[in-house]
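So the sequence lines, in the order shown, correspond to chains F and V.
Quick note: the first sequence, position 215, residue 215 per UniProt numbering, numbers continuous.
Quick note: the second sequence, position 214, residue 214 per UniProt numbering, numbers continuous.
Calculated from the structure, these hints are not laboratory results.
Quantities reported herein were computed from a predicted structural model and do not represent experimental measurements.
We treat Cβ as the ideally placed atom computed from N, Cα and C, and that holds for glycine.
Treat each hint with caution, since some may be false.
What the hints assert, rightly or not - In silico lysine-lysine, DSS-like type, Cα no more than 27 angstroms apart, as pairs:
(1) F:80 x V:457
(2) V:162 x F:80
(3) V:80 x F:351
(4) F:162 x V:80
(5) V:80 x V:162
Said to hold, decoys possible - Among chain F residues calculated to face chain V with C-beta under 10 angstroms, some are:
(6) 35
(7) 39
(8) 47
(9) 72
(10) 80
(11) 198
(12) 289
(13) 292
(14) 345
(15) 376
(16) 394
(17) 404
(18) 496
(19) 520
(20) 521
(21) 524
2 protein chains.
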Amino acid sequence: MAPPSHFYNNNGAPQDAASYLHAGPGNAPPQDSCLLDADEFRRQGHQVIDFIADYYGRMDDYPVHPSVNPGFLRRQLPDKAPSRPESSDAFGAALRDVRDLILPGMTHWQSARHFAHFPASSNTVGALGEALTAGINSVPFTWAASPAATELEMVVVDWLGKALHLPESLMFCGGGGGTLLGTTCEAILCALVAARDRKLVDIGSGRIGDLVVYCSDQTHFAFRKAAHIAGIHRDNCREIATYRDDMFALSPAELQAAMQADVDAGLVPLFLCATVGTTQTTAVDPIRGLCAVAATHGVWVHVDAAYAGSALVCPEFRHLIDGAEAVDSFSMNAHKWLLANNDCCALWVKKPALLVAALGTEQEYILKDAASEGHDVVDYKDWSVTLTRRFRALKLWLVLRCYGVEGLRDHIRGHVRMAASFEDMVKADPRFQVVAKRQFALVCFRLRAPEELGGPKAANALNRRLLEEVNAACSGPYMSSANVGGVYMLRCAIGSTLTEERHVREAWTVVQNVASSLLTKMEMHEDY
Amino acid sequence: MAPPSHFYNNNGAPQDAASYLHAGPGNAPPQDSCLLDADEFRRQGHQVIDFIADYYGRMDDYPVHPSVNPGFLRRQLPDKAPSRPESSDAFGAALRDVRDLILPGMTHWQSARHFAHFPASSNTVGALGEALTAGINSVPFTWAASPAATELEMVVVDWLGKALHLPESLMFCGGGGGTLLGTTCEAILCALVAARDRKLVDIGSGRIGDLVVYCSDQTHFAFRKAAHIAGIHRDNCREIATYRDDMFALSPAELQAAMQADVDAGLVPLFLCATVGTTQTTAVDPIRGLCAVAATHGVWVHVDAAYAGSALVCPEFRHLIDGAEAVDSFSMNAHKWLLANNDCCALWVKKPALLVAALGTEQEYILKDAASEGHDVVDYKDWSVTLTRRFRALKLWLVLRCYGVEGLRDHIRGHVRMAASFEDMVKADPRFQVVAKRQFALVCFRLRAPEELGGPKAANALNRRLLEEVNAACSGPYMSSANVGGVYMLRCAIGSTLTEERHVREAWTVVQNVASSLLTKMEMHEDY
């Protein structure tokens, strides 16, 4: 059939692929090796470095969170890509647009006043490690596809595991092994599929609908998402209730009751996702007790330490994973609080062979080469959802080299200390309460509702309004919220690399001032 | 219980988290905001840019593939991270180690002589776009978490879709929509889970074991991997045989027969993964015919154009996806051949609501904010496996801006032209044959086995040896292989940004010389 009209050239004659091949020399476009020219890279590269350095230097001038409405940027950009670069300095023009159009619409996660969610801790070495990786641009999906990249990953996951005081059984040096993925959801999904496949061998592959997975009502949604993707029935995900009296930790006794009930109902317990440092309040599930329960049911235990895993670099936090020798897999996001820049999720497993059995390729046609055959070589494509992968090990290795384990401890302790200060300030103001005991560098707090205000719903509305007005203050802090057991609270997560004591004090002053103003309005019955 | 001994400080007294909080001012370590100091970033950043530029300048000096044995790097590195940085210029020392230890052990995907696998096309703008993203280090998991990052992604997937001549129904402007993920396996997995969930609503969630997915025996393993992860029974993945007479394309008639057989057996056809540009030989499945078959069975059609999708920027290739209006989803890796640097996989879907239904979070506690409620806002965390994500749109937008659609066409056509030259050279040497018709910039070829050599097995051995010796040539090309229908062949994939005509000619000369030497040895019965 004839191609549509715009596939014709200017003469109206149809032009097919072959006609481009036999164009005379006069028609041949320039070869594009200039697109990776070393001198051009140097020129543009120095521009970019100065651009980013200027951004860091100006960070304080930006509101952390932009005051923009949906569609603000889409409306400003053309609806299709240019046919040719607009000017001879297209790169410079684009950088100016990044500065003038894009940065003002970003949420500035590196701002010293970013206290929302969890940190995405950047630093010069991690950021430049990413730049190096992008410059080298290798695809280390097998050992052969980039031997040094694979081996550095093997080295650095052991380095990190030792720095975090993980059991040796999870590291290469102890018969296990680790890999660097993008995110926790990927890590859990990989572990879950390995566990699922092992279990289905035992009970028969037709019984996928009988498999049950366990977590608490505080577990991050990433787990439910992973379980759903892996084909676990939505009704077979047990979210076990937690209580404030237990600091929102999952109770082994409740887990045992839930598993036994499932067994009695003819179902098959499969997988437990325990959390060290939950997203809402940084609760820590008791690993040893949970593993003991899981073991009686042949259940795979994964520990999700996405946020708090970084704190394990400090020995004073190691007791939080006592009993971790019994877990099957463990993951943490080094990009959250360990300076590894987004993205960098480390996953360790006790039995890599189970990962490979679940995720490995059977077709080896283009992937094997003589060097890897018959040797103890890791092909990381078989350890993850993805086949293509980035050389993430480089930045993590640079961070560990350049700061050292003690440097990372200083980094964590500095934030924990600032969070303790913030907590003390909250406690010192009787209008406020700390809602969940602080364990790391997250403080969960709320304004106590005046008695005359009414019930819990009104108290939540008050605190929601408090957060909105705090976040609306132009040069103020940016925080987020949690809702645990029906109680709405503000979350102040300290962890941005640029955050100093003064930012924490200033943030608290803003919260106090907004609260005073809100309470005054309430007394005057203006708003309630 | 007592912590192990190394958690005690030098005095032997146990030290807990609290003791670090109340250290006197003299004991307080420095605040770590200096880790993101603008001036330090500038200093280290310029070092890194020069380092990468020097690497590009020196690229030709490296063998494409290192001659190293498993363990070569692990043996050279310490078994744990340093406690403190080794020197005051730890970063400079680490860069020297990258140069002296790591680069010599890399496979240099950016080498002009890298013809293996598929290209990972880098360029100054794409690489520096990654560096910018790493410097900004935002986490745009929701619109609110970085409005400009989300909106730029929405803009750029439409730009790219238009540039590739995709149907508007797959773009935001036509009621569909796209996102930027890491890899094709993720893209297929997302589409598959959406399709699975929709089908299970119709047939009952207990019937996951009855779902059947379809592909050809040429489809990339990523599809089988995704299907397995999603809980599709391994026995329910139909790999339909292809034939050289059909140029290894999937036949609609064979697909229809397979689907009907499954229906007759009480199974439920779910999903077809069609490929435009297979990994082994760049075969193109006939979209229109396959979609017609799929429609009669209510089957979701995904098109995996991981490699060849980039070629669609040229109108002369558009006919290869005729009928794409009927597909449900489409993905391609802009990091392979469209200068977007690893990683950047674009996924478009006709009905984003189905993706969100399958992958969306139910808990909105910390994720929503007032700005996004009630508006037509995309929260990309609900479009993918991962929640955390990188700001990939920035580099792709920079590439499209700085080269323009015509610039990308020149880039693709240059490689296609060089591949055609290579193909002509192969054809001109009667000792060789082109095994699969060249469609893009991959040439699959082999040495014809002399008659006296024996059967196909010996011919394969000869070509395997040819590849090994070609790849062992120190400053020679690096190619990979395929095995289709029992026929082993060499793959010469042209697509590195630095590759020029002369590299292609030189590569062919190496192949010819190695072949001559091999054939001479054979004649002398030295080796056979």
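Contradicted hints - numbers only: 1, 5, 11, 12, 13, 19, 20 and 21
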